[in-house]
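Enquirer: For the sequence shown, position 116 (counting from the first letter as 1) is numbered 115 according to numbering that gives the first Met the number 0, and the numbering increases by one without interruption.
There may be inaccurate statements among the hints.
Said to hold, decoys possible - Per label pair, the in silico range of CB-to-CB distance:
| id | residue 1 | residue 2 | range |
| --- | --- | --- | --- |
| 1 | Ala166 | Ala384 | 50 to 56 Å |
| 2 | Glu178 | Ile287 | 39 to 45 Å |
| 3 | Asn333 | Glu271 | 54 to 60 Å |
| 4 | Pro342 | Ala183 | 46 to 52 Å |
| 5 | Ile18 | Ala166 | 35 to 41 Å |
| 6 | Asn372 | Ala183 | 41 to 47 Å |
| 7 | Leu165 | Cys54 | 25 to 31 Å |
| 8 | Gly363 | Pro270 | 54 to 60 Å |
| 9 | Ala384 | Ala170 | 46 to 52 Å |
| 10 | Glu174 | Val51 | 34 to 40 Å |
Derived by calculation from the structure, the hints in this document are not laboratory data.
Keep in mind it's a predicted model, so treat the numbers as computed, not measured.
Backbone N, C-alpha and C define an ideal beta-carbon position, used for all residues, glycine too.
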Amino acid sequence: MLGVVLTVVAVAACVISSIFVFSAQGYLPATKSFDPTWWSTLGFFTGIAAAVMLCWRHKWPELVLGIALVPPLCFRSDALAALVALAALAARRRDSLLWIGSALVYVATAWALFGDANRHPDVTVAGQIVGKQFSAVQLMGTLTVAVVMTAVPLTVGVVRGMQDTLAIREAKEEELRAEMTRRAERTRIAREMHDVLGHRLSLLSLQAGALEVSKGPATTEAAKTVRTTARQSLEDLRQVIGVLRDGQGFGENGENGTHPEPPQPTLADIPELVANARRAGLGVNVTILLDDAGGAPVLLGTTAYRIVQESMTNILKHAPGAAAEVSVRGGPGNGLTVEVVNPLPATPTAGKPPGGGTGLTGIGERVTLIGGNVSTGPTEERTFAVRAWLPWGHH
Numbered sequence: 000m001l002g003v004v005l006t007v008v009a010v011a012a013c014v015i016s017s018i019f020v021f022s023a024q025g026y027l028p029a030t031k032s033f034d035p036t037w038w039s040t041l042g043f044f045t046g047i048a049a050a051v052m053l054c055w056r057h058k059w060p061e062l063v064l065g066i067a068l069v070p071p072l073c074f075r076s077d078a079l080a081a082l083v084a085l086a087a088l089a090a091r092r093r094d095s096l097l098w099i100g101s102a103l104v105y106v107a108t109a110w111a112l113f114g115d116a117n118r119h120p121d122v123t124v125a126g127q128i129v130g131k132q133f134s135a136v137q138l139m140g141t142l143t144v145a146v147v148m149t150a151v152p153l154t155v156g157v158v159r160g161m162q163d164t165l166a167i168r169e170a171k172e173e174e175l176r177a178e179m180t181r182r183a184e185r186t187r188i189a190r191e192m193h194d195v196l197g198h199r200l201s202l203l204s205l206q207a208g209a210l211e212v213s214k215g216p217a218t219t220e221a222a223k224t225v226r227t228t229a230r231q232s233l234e235d236l237r238q239v240i241g242v243l244r245d246g247q248g249f250g251e252n253g254e255n256g257t258h259p260e261p262p263q264p265t266l267a268d269i270p271e272l273v274a275n276a277r278r279a280g281l282g283v284n285v286t287i288l289l290d291d292a293g294g295a296p297v298l299l300g301t302t303a304y305r306i307v308q309e310s311m312t313n314i315l316k317h318a319p320g321a322a323a324e325v326s327v328r329g330g331p332g333n334g335l336t337v338e339v340v341n342p343l344p345a346t347p348t349a350g351k352p353p354g355g356g357t358g359l360t361g362i363g364e365r366v367t368l369i370g371g372n373v374s375t376g377p378t379e380e381r382t383f384a385v386r387a388w389l390p391w392g393h394h
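Produce the entire structure from the sequences given, and follow the hints as far as they go.
Expert: Set out below in structure tokens:
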């Protein structure tokens, strides 16, 4: 809206200025009458056309400036339209064309002022400003006033262009930040999918193998575990696919973003995780010694849960039948130590499962995110150990 108002004001000012110049050109002091020549009349209509063309100065600044230079250079008419067009050109360009245009506008302005001052100095503004006709003082005054008149729109245009460039840069940076946020969210989703589905599907695979060789009540219990795990995995998969399809974050998967995000696992959920692993046939000894477990930060609890989950998933994949020692110890001020240790298999598992190593990388990312440290790998005692320390500050 402000741009429209400024354009209307600029066009109106140029039209009025052209009328005054046309009147001065056709004024005859001797007879105090108005008798314009055809040349001054042509210059007047050219000036009106240049004023109207200012409506498109931001779209075609070079063309508009070229048209606006015609009245002052060819007809010694008004240069106001050229000054306005120069501001638009300065906002768009910073190359040699701008400086050439500025020089032409300066010449046109000085030429128009000089002609106006020497036409009828008693009735023209320029004549009152720059002094006596055809004098050195008048020449210096004309050149000085032309410098000021050219510098003002040039400066305004350059500043406006810098502001526009900065606004565009900020918009691009904001778009880049949004894109990075989306990518980070999708990375988080992929990690969650690996951690959750990888663990449950490993249990599912182990139980399916048990069904092939077992009979009796154990078969029924294994089938129940398979069915429950499969249902949970499908629910998780549906949530993940919904997020990836709609481009929404967790907790925004409803029509209006009203469906709450499923609660993240905490330290209190680790015993249930271990129980599920035992039902899947993994021998697990667990030691949990915590001070104020209920007051642990959510992110701390979720990270510890994922460490234990991913560690047991790797045991099921690479050392099936091995026993695991799980230890979770700590409290506020001392930090939280999570250890999962299992014997190395007698013979290495054939091949590398799809996505192998991604889970351990995810553990490292999670631990680093909250300022902790983690080590994973075989030990001298022929065991594989995952040891992590997580900061747990005071309330």
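Enquirer: Can the suggested window of 54 to 60 Å be confirmed for the beta-carbon pair Asn333 and Glu271?
Expert: 25 Å, violated
Enquirer: Can the suggested window of 34 to 40 Å be confirmed for the beta-carbon pair Glu174 and Val51?
Expert: At 37 Å between Cβs, range holds.
Enquirer: How does the Cβ-Cβ distance of Gly363 and Pro270 compare with 54 to 60 Å: does it lie in that range?
Expert: Given about 25 Å between the Cβ atoms, the range is violated.
Enquirer: When you take the CB atoms of Asn372 and Ala183, is the distance between them in 41 to 47 Å?
Expert: 22 Å, violated
Enquirer: Range first: 35 to 41 Å. Now tell me if the beta carbons of Ile18 and Ala166 are that far apart.
Expert: 37 Å, holds
Enquirer: Leu165 and Cys54, beta-carbon distance inside 25 to 31 Å?
Expert: 26 Å, holds
Enquirer: Using the Cβ atoms, figure out if Pro342 sits within 46 to 52 Å of Ala183.
Expert: Since Pro342 and Ala183 have Cβ atoms about 37 Å apart, the given range 46 to 52 Å is violated.
Enquirer: Given a hint of 46 to 52 Å, does the C-beta separation of Ala384 and Ala170 actually sit inside it?
Expert: 50 Å, holds
Enquirer: Range first: 39 to 45 Å. Now tell me if the beta carbons of Glu178 and Ile287 are that far apart.
Expert: 41 Å, holds
Enquirer: Taking the Cβ atom of Ala166 and the Cβ atom of Ala384, is their distance within the range 50 to 56 Å?
Expert: 54 Å, holds
The structure fails hints 3, 4, 6 and 8 (numbered hints given earlier, in ascending order).
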